[in-house]
Every structure is written in C-alpha cells, then in structure tokens.
Amino acid sequence: NAGVMQNPRHLVRRRGQEARLRCSPMKGHSHVYWYRQLPEEGLKFMVYLQKENIIDESGMPKERFSAEFPKEGPSILRIQQVVRGDSAAYFCASSLVTGRTNTEAFFGQGTRLTVV
Amino acid sequence: AQSVTQLGSHVSVSEGALVLLRCNYSSSVPPYLFWYVQYPNQGLQLLLKYTTGATLVKGINGFEAEFKKSETSFHLTKPSAHMSDAAEYFCAVTGAQKLVFGQGTRLTINP
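Quick mapping for you: the protein sequence lines, in order, are chains L and E. Quick note: the first sequence uses our numbering, first residue 3, plus one each step. Quick note: the second sequence uses our numbering, first residue 2, plus one each step.
Errors might be hidden in some of the hints.
Said to hold, decoys possible - In the SDA-like style, the derived pairs of lysine to any residue whose C-alpha atoms are separated by at most 25 Å in a straight line are:
1. L:Lys46 with E:Asn111
2. L:Lys46 with E:Ala87
3. L:Lys29 with E:Leu47
4. L:Lys53 with E:Val101
5. L:Lys73 with L:Ser89
6. L:Lys46 with E:Asn42
7. L:Lys29 with E:Gln46
8. E:Lys50 with E:Pro112
9. L:Lys46 with E:Pro112
10. L:Lys46 with E:Gly54
11. L:Lys46 with E:Ser81
12. L:Lys46 with E:Lys50
13. E:Lys50 with L:Gln52
14. L:Lys46 with E:Leu19
15. L:Lys53 with E:Gln46
16. L:Lys46 with E:Gln46
17. L:Lys53 with E:Leu8
Claimed, not checked - Here are some chain L residues the structure puts well away from chain E; computed CB gaps all over 10 Å:
18. Val6
19. Arg22
20. Arg24
21. Ser26
22. Lys29
23. Leu45
24. Lys53
25. Glu54
26. Arg66
27. Glu70
28. Lys73
29. Arg80
30. Gln83
31. Ser97
32. Phe109
33. Gln111
To be clear, the hints were calculated from the coordinates, so they are not data collected in a lab. A quick note: this is a predicted structure, and the numbers were derived from the prediction, not measured. Here a beta-carbon is modelled for each residue, glycine too, at the ideal position from N, C-alpha and C.
Generate coordinates for the entire structure from the input sequences, incorporating the hints supplied.
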C-alpha cells in the first residue's frame with residue numbers, strides 16, 4: 003500500500019507563473035489536507051477537502067490559491083501568479099474518517115516550491 | 002475549535018539525557034492527540050497518538066506521552082536522548098474535523 007504521493011518534489015517557478023502541486027492520498031482515504039511550511043516556521047493549515055467537496059478552507063489566502071479533490075485523480079493545489087513569498091514547502095496529508103473524528107493523518111514528502 | 006501550544010521552539014539536551022517536549026491543547030470536544038516528527042527535508046512521521054483508553058501512550062523510537070485532561074497537556078518524553086533524535090517535533094489535535102498543529106519544537110542533541 004503506497005503512502006501519500008506528492009509530485010513534484012521540487013518545483014521552480016518564475017514570478018507570475020502558475021504552480022500546480024499534486025497529491026495522491028493513501029488508498030482508501032477520502033480526506034486530504036494541505037499545509038504550508040515556511041522556512042523556520044511550523045505547519046500552517048491551508049485547506050481540508052473530501053472528494054468533490056471543500057470542508058474547510060479557512061487557511062487559504064483569498065486570492066491566487068485554490069484547491070480541488072476530484073472524484074477521480076489526485077488533489078491539486080493551484081497557485082496562480084506566484085510571488086516570492088509563496089516559496090515554501092507544501093505538504094499534503096490524507097486521513098480516514100470514521101464517525102465524527104479523523105484517524106491520524108499520513109503525510110507525503112512535500113513539494114518544495116521556489117519562486118525566482 | 003481546537004488549538005495547540007508547544008512551549009519552547011528550541012530544546013537542547015545532551016546525549017543520554019531526558020527529553021521533555023511540552024504540548025498544551027484546547028478542544029471543545031474530547032480530543033485525539035498526536036505527536037509527529039519531521040527530519041530535515043522530509044515529511045512528517047507519526048510518533049504516537051492518543052485516542053481513548055490508556056492515558057500513557059508509547060510510540061516509536063522509545064518516545065512516550067501522557068494525556069492529562071486536568072492539565073490539558075500531552076507532553077512528549079524519552080528517558081535517554083540519542084543523536085538520531087535531532088529533528089522537529091509537532092504536537093497536533095483533532096476533535097471534529099481538521100488536524101491542528103502546534104508551531105513545532107526543534108530538538109538538538111549535544112554530544
């Protein structure tokens with residue numbers, strides 16, 4: 003059973019370009035989180051998705067950022083018109099929800115975005 | 002709503018000494034609590050978790066944590082530090098939806 007797969011591992015974009023980060027959850031997991039980690043900082047929650055549904059996007063910047071988790075295929079975090087401040091490690095995690103509560107989340111290796 | 006506070010962004014101990022990383026949480030519902038470890042340039046790996054039942058939980062690499070409801074704490078300990086324990090440690094809580102993380106504690110081990 004493969005773990006959470008994120009690609010690419012490293013992504014370099016010029017200012018103004020678009021960045022697309024992909025996350026394939028663990029088999030059987032229907033919930034996906036995205037977190038951002040800036041250098042020397044902790045993990046900041048961005049968005050929490052279930053297939054075809056955004057549950058909580060309270061951590062997403064209002065502009066340029068969007069996320070989706072379609073019925074088929076990976077979850078995508080999309081950053082339009084990237085700026086240098088978007089440079090960070092972006093982590094995806096997936097979990098299995100039973101009842102009202104999540105089990106633990108399993109993390110991917112992250113995508114390190116560098117904006118030049 | 003849930004939140005987590007990790008006391009001390011950096012902790013330094015000598016090899017062989019006790020490791021104590023502090024975590025306090027708040028939750029409006031009975032919490033599930035987790036400790037994760039992150040090695041440089043890697044993702045997060047689950048160390049241990051508390052859901053229900055025994056309040057002292059044991060994890061990988063000799064770590065353990067105790068859930069104390071009265072103190073709203075879930076501190077992480079290891080009796081004897083090893084050089085390989087140097088990493089970033091994150092406490093997290095979930096009660097009714099998303100997983101919320103603390104700011105992290107960077108553990109340094111001195112030879």
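Hints versus structure:
| no. | hint | in the structure |
| --- | --- | --- |
| 1 | L:Lys46 with E:Asn111 | violated, 29 Å |
| 2 | L:Lys46 with E:Ala87 | holds, 22 Å |
| 3 | L:Lys29 with E:Leu47 | holds, 18 Å |
| 4 | L:Lys53 with E:Val101 | holds, 20 Å |
| 5 | L:Lys73 with L:Ser89 | violated, 29 Å |
| 6 | L:Lys46 with E:Asn42 | holds, 17 Å |
| 7 | L:Lys29 with E:Gln46 | holds, 18 Å |
| 8 | E:Lys50 with E:Pro112 | violated, 29 Å |
| 9 | L:Lys46 with E:Pro112 | violated, 32 Å |
| 10 | L:Lys46 with E:Gly54 | violated, 30 Å |
| 11 | L:Lys46 with E:Ser81 | violated, 31 Å |
| 12 | L:Lys46 with E:Lys50 | holds, 20 Å |
| 13 | E:Lys50 with L:Gln52 | holds, 23 Å |
| 14 | L:Lys46 with E:Leu19 | violated, 29 Å |
| 15 | L:Lys53 with E:Gln46 | holds, 24 Å |
| 16 | L:Lys46 with E:Gln46 | holds, 17 Å |
| 17 | L:Lys53 with E:Leu8 | violated, 36 Å |
| 18 | Val6 | violated, 8 Å |
| 19 | Arg22 | holds, 19 Å |
| 20 | Arg24 | holds, 15 Å |
| 21 | Ser26 | holds, 14 Å |
| 22 | Lys29 | holds, 17 Å |
| 23 | Leu45 | violated, 5 Å |
| 24 | Lys53 | holds, 16 Å |
| 25 | Glu54 | holds, 17 Å |
| 26 | Arg66 | holds, 22 Å |
| 27 | Glu70 | holds, 17 Å |
| 28 | Lys73 | holds, 21 Å |
| 29 | Arg80 | holds, 20 Å |
| 30 | Gln83 | holds, 27 Å |
| 31 | Ser97 | violated, 7 Å |
| 32 | Phe109 | violated, 4 Å |
| 33 | Gln111 | violated, 5 Å |
In summary, the structure is inconsistent with hints 1, 5, 8, 9, 10, 11, 14, 17, 18, 23, 31, 32 and 33 from the numbered list given earlier, while agreeing with the others.
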